Structures are given as C-alpha cells and as structure tokens.
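Trainee: Chains C and L are the protein sequences, given in the same order. Each residue of the first sequence is one higher than the one before, starting from 1 at the first, in the working numbering. Each residue of the second sequence is one higher than the one before, starting from 1001 at the first, in the working numbering.
Among the clues, some could well be false.
[What the hints assert, rightly or not] Label pairs and their computed distance ranges (CB to CB): (1) Pro1171/L <-> Val87/C: 30 to 38 Å; (2) His1028/L <-> Ser95/C: 51 to 59 Å; (3) Asn1148/L <-> Ala29/C: 51 to 59 Å; (4) Val87/C <-> Ile1131/L: 28 to 36 Å; (5) Ser96/C <-> Arg1027/L: 47 to 55 Å; (6) Ser1151/L <-> Thr69/C: 23 to 31 Å; (7) Tyr1150/L <-> Lys66/C: 22 to 30 Å; (8) Thr53/C <-> Asn1148/L: 39 to 47 Å; (9) Val87/C <-> Pro1023/L: 40 to 48 Å; (10) Glu1138/L <-> Ala29/C: 34 to 42 Å; (11) Leu1196/L <-> Thr56/C: 22 to 30 Å.
No wet-lab data here; the hints were simulated from the structure. Note that the structure is a prediction, hence the values are computed from the model and not measured. For every residue, glycine included, the Cβ atom is placed at its ideal position computed from N, Cα and C.
Single-letter residue listing:
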Amino acid sequence: MSEQKEHAHHIVSPKVYVVILLALLVGTAATVGASFIDMGPWNPVINLAIATTKATLVVLYFMHVKYGTKLTKLTIVAGIFTFAGLVAMTLSDYSSRAWGQF
Amino acid sequence: MSDSQAIAQGMHPEGSDVHDEHPSYLRHHFNSVEQQADTAGFAMWLFLLTEVMFFGGLFTAYLIYRNWYYAAFVAASHQLDVVLGTMNTVVLIFSSFTMAMGVWCAETKRRKGLIVSLLLTIALGLVFLGIKTVEYREKFEKHHVPGNHYSLQSFINPASDPAATAAGDKPLAVDMAQHTEVYFSLYFAMTGMHALHMIIGIGILVFMVIRAQAGAFTSGHVTFVENFGLYWHFVDIVWIYLFALLYLISRHA
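Bound-form chain C, shown alone:
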C-alpha cells in the first residue's frame, strides 16, 4: 500500500505553495528583524536556524521531497551528511594547525 502511494505521481496543490510562500516571507522578515537585535553569540545561531528552516521548507514542499521516493530522501540525507563530514574534517584540520597565521 505504502509502496504504491510512494510511486503515484503526487501533484502538490497551489494552496500548499501559497502557505509555503507566506512562511518563507515571514521567515525572511524574522531573520532581518533578529539580525538587528544584539543577542551576542546567539545572533549567528538564530540567523542560521531561520535560514535552515526556510531551506527545509523549500526542499520539502517546493521541491516535492516530502512526497518523493525513499531513494530521493536517502540521496539528500546522504549528501548533506557527507557535506557536514567534509566541513567537520576541514575545520578540525585548520583549527589544529597555524590558526589565523596566514
């Protein structure tokens, strides 16, 4: 049953697109507003959290991943995991050498 559901071509309705559009606009207003409030070390955290929320909405709804195949979901998660791993390794390399000496 779930297998069939997964393979049927799902047409996302314009209503969903409008809701996501509004959510993205609210997110943009929130991130601009938050950037003018001094939250010390939390500024970049909030900033990136809102950006990642917006990106996730785009991926799930505009890019139909929520309604996509398991293969698509697995591909994306594997890609993000690999990217995160590469960043982590790069940072551990740089931070254990002559940090800021160039």
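Starting from the known structure of chain C, fit chain L onto it as the hints suggest.
Mentor: Then chain L, alone, in the frame of chain C:
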C-alpha cells in the same frame, strides 16, 4: 515483432493487457513512466548534490576566514545594503513560487498558465539581477572590488563612510583592514557564481517558454519542467544562505 510490441509484451511485469498503449515519451529501457520520472529525478538530485559540494566549498572558505579575520569581516559586511538584500530575497522567494506554480500548471496540463508562470519567473529573475547590478556598481564606485584599485578608506577611517558610520564601526589597524579584501573576494565569488546560475536558469526558462508555446510539457511529460524547478529552487536555497551569511550575520556583532 516491433520494438513497441516487445516493450508492451515483455517488459511490463503486470502483463501486457494493462499497457498495450504507452506514451511516446516512454524510452524503451524503462518499465514505466513512473520509473522513468523517478530515474530522471534521482539524476537531478545527484547533480544538485555536486552543486551543494561546489557552493559548500565556498561557504567553508567563508566560515574559516570569517573566524580568522573576524573584525575585518564584520566591518566589510556592514558595507552591504540590507534593504537591497532583503528585496532580492523576497524577489527570489516569489520567483520560486511562480516556478512551483509552473510545475503545477504543467502537471495539470494548463498551457497558458505554464507560459505565464515561466514568464513571471524570468521577470523576477531579471529583477534580481538588476538589483544585484546596482549593488555591484556601488562596490566598484567605492573601490571595494578586490584588485589594484582596492581602497581601505572605509575601514581605516570609518567616519568618512556613511555605511560604516551608520553601523558604528571603529577604525581598523591597516593589517586587519587589508583582510576586508578577502571578504569582498568571497562576496564576489559567491554572489557571482550564484548570479551565473541565475543567468543560465533564465536562458533555460526562455527555451522552455518557446517549447511550451509549441505545446510541450503540458501533454503529460513534465519531467523537464519538474527537474528545472528543482534547479531553480536550489539556486533560491543558495541565496537564502548567502543573504543570511553575507548580509545579516555580522549586522549586530
């Protein structure tokens, strides 16, 4: 036995009686339209992952340099115009919406709706590039473009610069001020590569409008529009992060 008969009789697991007729766009090496669409979508996502790695390298460079030359990156980012950046973010979000509507129009076989959606997407893409041009122009005028004519004036003497004064910047020592050039190198590399993706996207959109006018994409075969939509939304996501990291993150630091 012709090829199409072989497909109809030999390759459909459910039996040929269900699929005697198959659409002309179904390639003979696929079992079904769904399998063909899933395969194309998977390939598109693999391409987008290579794009993630490409932009990811630039983002990682930005992350490291921002931590090394923190004061320079904060002062340099104050030179960007948040109002223009916000406008461009909103423009790009709307263009993603019109592109999503284009995909819906293709799926529901609305030819006129598809053409209008694609044209609106092109228009919004051009508005984005127009605003970006205004921003680049200001960088050239203030000599904030890396190279022989780069000027440290705004960072050594912030009182002489309205944007730096408004942000309350303190003067930087010359050696730190020189690192603002690294920020602008990354700024132009990242927004420039993003703009190049937009220009390529607009080119493909024009091609799609011409094909759609001839009746393409609205007769059931929507793969091309769908996969282009993925590309366009990906470019939108890159901008969401560029806006956050280049314009906003150092606003109040």
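Trainee: Starting from the hint 22 to 30 Å, judge whether the C-beta atoms of Tyr1150/L and Lys66/C obey it.
Mentor: violated (46 Å)
Trainee: I want to verify a distance hint. Is the separation of the beta carbons of Ser96/C and Arg1027/L within 47 to 55 Å?
Mentor: holds (51 Å)
Trainee: Given the hint of 51 to 59 Å, check if Asn1148/L and Ala29/C actually sit that far apart at their C-beta atoms.
Mentor: violated (41 Å)
Trainee: Take the C-beta atom of Ser1151/L and the C-beta atom of Thr69/C, compute their distance, and say whether it sits inside 23 to 31 Å.
Mentor: violated (53 Å)
Trainee: Can you tell me whether the CB distance of Val87/C to Pro1023/L sits inside 40 to 48 Å?
Mentor: holds (44 Å)
Trainee: Does the hinted range 22 to 30 Å hold for Leu1196/L and Thr56/C at CB?
Mentor: Hint holds: Cβ distance 25 Å, inside 22 to 30 Å.
Trainee: Range first: 34 to 42 Å. Now tell me if the beta carbons of Glu1138/L and Ala29/C are that far apart.
Mentor: violated (24 Å)
Trainee: Mind checking the hinted window 39 to 47 Å against the Cβ distance between Thr53/C and Asn1148/L?
Mentor: holds (42 Å)
Trainee: State, for the Cβ atoms of Pro1171/L and Val87/C, whether the hinted interval 30 to 38 Å holds or is violated.
Mentor: holds (34 Å)
Trainee: Return holds or violated for the Cβ distance of His1028/L and Ser95/C against the range 51 to 59 Å.
Mentor: holds (54 Å)
Trainee: Determine whether the Cβ-Cβ distance between Val87/C and Ile1131/L falls within the hinted range of 28 to 36 Å.
Mentor: holds (30 Å)
Hints 3, 6, 7 and 10 from the list above are not met by this structure, while the remaining hints are.
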